[in-house]
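Sequential numbering from -14 applies to the sequence shown in the working numbering.
Please keep in mind that the hints were generated in silico from the structure rather than gathered at the bench.
Any given hint might turn out to be false.
Claimed, not checked - Restraint ranges, calculated between C-beta atoms of paired labels, are given here:
| hint | residue 1 | residue 2 | range |
| --- | --- | --- | --- |
| 1 | R362 | P(-3) | 41 to 47 Å |
| 2 | L136 | A82 | 41 to 47 Å |
| 3 | A283 | H141 | 53 to 59 Å |
| 4 | H141 | T106 | 27 to 33 Å |
| 5 | A76 | P(-3) | 53 to 59 Å |
| 6 | R362 | P312 | 15 to 21 Å |
| 7 | G117 | F484 | 56 to 62 Å |
| 8 | A283 | R420 | 22 to 28 Å |
| 9 | G357 | P(-3) | 34 to 40 Å |
| 10 | G143 | R193 | 55 to 61 Å |
| 11 | E361 | R10 | 35 to 41 Å |
Glycine included, every Cβ here is placed at the ideal spot set by N, Cα and C.
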Amino acid sequence: MAEIRPIEQLRPGMEILVGGDRLARVPAELAERFRPGDALLVVDATGEILHLPAAQRSLVREAVARADAAFHAMGTVTDEQISGFYAAFAARLEDDAIWSAIARSNAADVETARTRGRSITRLVADDNLRRGMIDGLRGWIGAPSRRGQILETIQHRGWRVELVAAELGIVGFVFEGRPNVLADATGVLRGGNTVVFRIGSDALGTARAIMASALEPALRATGLPDGAVTLVDSAEHAAGWALFSDARLALAVARGSGPAVDTLGALARQAGVPVSLHGTGGAWLVAGQTASTEAFAAAVLASLDRKVCNTLNVCCIVRARAGDLVPAFLESLRRAGERRGHGYKLHVVAGDEGAVPPGLFAETARIRRAGGDREERRAELLPESELGREWEWEETPEVSLKLVDEVDQAVALFNRYSPQFIASLISEDDDEHRRFYASINASFVGNGFTRWVDGQYALERPELGLSNWQHGRLFGRGGVLSGDSVYTVRTRVVQTDPFLAR
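I would like the entire structure built from these sequences, with the hints used as guidance.
This is the structure in structure tokens:
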């Protein structure tokens, strides 16, 4: 057996084995930062070498250990206690004095994010976000728990077999500047699970305030075990990498930007941890030959009220209807921008520019970006290969436009370029809708506006995240991850004939 020794130091250019058949070289900057006790993670899919400082590894190990101990204690916690936790957490968020303290921390986070040129569209803890958190928590108070639920019974002579839903274990969450996800993540407690989460630096101050003033007091007041909800108090990306590489997790959930989520998902898979990824978003809307102009215009406008993952990102219009549908599209886009006090930004796939007024490519507009307002061209050309790009806009709606010869071409483009997330078809042809549903590789499919894709709005269940099919279809569950979908199945036998034998 080969000798295994800890790495004490790295040399610039040192070769590291990747995926069993490739070599990557250690960058000089990484070698200089490496200290005894640190670790390396290599992403097999990309060859990227990640540095895990010893302090971050220790912080995460301790957090997961607390969650593990809490999970084993959750078996004696009643459903009534868990309901009480949600009620107590919601009540504390409703307390104006407590919320004022949270809001002050959030204002500091927002100001820091602005100075760094970061997006704040999901960071601001306004009244809508507060109400959404409270409503989500209250939604779990009366929600049934799957743990102990008999899913199936197989009856035999003298005995029966029961398939029983049970707690899954520790759920690890990594998410960026979205303080509401902190409340969302507690949904896994409904089924007797525990949670460890790491939040990005943008919202870390807000998360600390919520933990200290609302979440942890609610845990203590209802007798839930210490560590049932644990914050990894670190702004370092390495903390997220270490968390998703911990094999003690039963499920790893990531919400954030595409590349960061891809890396986290790859690390979890390498550690043998199942993943639920909620990264690249952006919905596609397709207008067919028989599309109602009014229905199409309404769907565009309703899909652009704000920028989230289910916002309209790409619009495909059948070429034969460009004469009336493109003006309707542009008018709805204009109205969406006007509604937010801004204009709009349009990307037209090269070759289709003749369908829009040529003046749009010369016209300048004030576009709000994360780093501030900028003067840009109202419309720009886009290579077809860039159709999968998600536009992360602040207050200025931003959409791509592509003309297609038929709906089937739009489906082929979606299946090739998109993150395979949300697709909607505006058409009066039932057969076309059936073909669309059968052939498009989307986890969410509709016939109107795209913003319906939301666990609370559509299923009346607080969601933990929405999954696309960018990394393949999901085994055994839907694209909406909710607290009641985090469970495993145990098998129990009940023997009524004491003399049973094989």
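Structure-based check of each hint:
| no. | hint | in the structure |
| --- | --- | --- |
| 1 | R362 with P(-3): 41 to 47 Å | holds (44 Å) |
| 2 | L136 with A82: 41 to 47 Å | holds (45 Å) |
| 3 | A283 with H141: 53 to 59 Å | holds (57 Å) |
| 4 | H141 with T106: 27 to 33 Å | violated (57 Å) |
| 5 | A76 with P(-3): 53 to 59 Å | holds (56 Å) |
| 6 | R362 with P312: 15 to 21 Å | holds (20 Å) |
| 7 | G117 with F484: 56 to 62 Å | holds (59 Å) |
| 8 | A283 with R420: 22 to 28 Å | holds (24 Å) |
| 9 | G357 with P(-3): 34 to 40 Å | holds (39 Å) |
| 10 | G143 with R193: 55 to 61 Å | holds (58 Å) |
| 11 | E361 with R10: 35 to 41 Å | holds (39 Å) |
Consistency with the previously given hints fails for number 4 only.
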